[in-house]
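Student: In the numbering used here, each number is its position in the sequence shown, counted from 1, plus 1219.
Please keep in mind that the hints were generated in silico from the structure rather than gathered at the bench.
Warning: the hint list may mix true and false statements.
[What the hints assert, rightly or not] No farther apart than 30 Å at their CA atoms in a straight line, the calculated lysine-lysine pairs in the BS3-like style are these:
| no. | residue 1 | residue 2 |
| --- | --- | --- |
| 1 | Lys1550 | Lys1239 |
| 2 | Lys1553 | Lys1239 |
| 3 | Lys1550 | Lys1236 |
| 4 | Lys1236 | Lys1553 |
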Amino acid sequence: MDVIRPSSTLVPLVGEKHAKGLFGTIVDNFYLVALIFAMGTSLGLATPLVTECMQWLFGIPHTLQLDAIIITCWIILNAICVACGLQKGVRIASDVRSYLSFLMLGWVFIVSGASFIMNYFTDSVGMLLMHLPRMLFYTDAIGKGGFPQGWTVFYWAWWVIYAIQMSIFLARISRGRTVRELCFGMVMGLTASTWILWTVLGSNTLLLMDKNILNIPQLIEQHGVARAIIETWAALPLSTATMWGFFILCFIATVTLINACSYTLAMSTCREVRDGEEPPLLVRIGWSVLVGIIGIVLLALGGLKPIQTAIIAGGCPLFFVNIMVTLSFIKDAKVHWKDK
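With these hints in hand, go ahead and build the complete structure from the sequences.
Tutor: Right, dumping it as structure tokens:
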């Protein structure tokens, strides 16, 4: 079975007739629209971060024109990676991003206070285990602050959209590995990396506030979230070198994300492409251009509200699709288990 689009994964559940018919087409179209919104949202959130880096490093003012130039550069670099193929372009960019991520996190861990970070991590794990049941069902019905609706639902909808895309992409680049190896590596690897990321960066931010080096709430209110993030990195020793490292990391990380999404979109829309083949070059570049345009439009609309609305609207239909994909996998796994 060629699993290169969401409808293909539903064959064990709904049958080949429905998966390749109208129902499968509707599922694929929901997925494509939602993924385009998700990718546009990623650009809408990443671009201000890069432009704020440029303002800090070069003194270039943050404008919509600069945002458009940054997105155009990402699309051009993505085209270069695409032209090199999956194994060359994407792998090299991903390796550089991974090594640089570890380098930057290691630098923050060493210079910001390793002892405090370890203590904060231990305390945070305890808080997580204690408050996890409440956080799972927290809606703020009495206070009505809107945080769960504005942020928790937003991030969950975002990940619901990316779940299918990342599954298809990771399965493609993990050819030769067992399902157990893939699942174990992704669950354990992503969990560990997420804990490390938030522990190191969160501890550094809290330490800067505790020492009265930065007033994060004031920075967010006056200059926005992106500027506040930049200032937490600029407050570290060797600030210029640190900012250059962070700037390069943000730039390459966004290129790899565009690359993965444009690859999956191209695979899902090219009916003639079979498992083991790569989608046409122009199709992948075309998808990255379209996603870039949507990112610019979301930035032009201004504010975070359009971005949150786009993600939630795209994620709602895919919530049910993800459930069907999971049930389909379980059913297919039982059949293969009986055959063995």
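Student: All the hints need checking, so say for each whether the structure fits it.
Tutor: Evaluation of the provided hints:
no.: 1; hint: Lys1550 x Lys1239; result: holds, 18 Å
no.: 2; hint: Lys1553 x Lys1239; result: holds, 22 Å
no.: 3; hint: Lys1550 x Lys1236; result: holds, 17 Å
no.: 4; hint: Lys1236 x Lys1553; result: holds, 21 Å
In this structure, none of the earlier numbered hints is contradicted; all agree with it.
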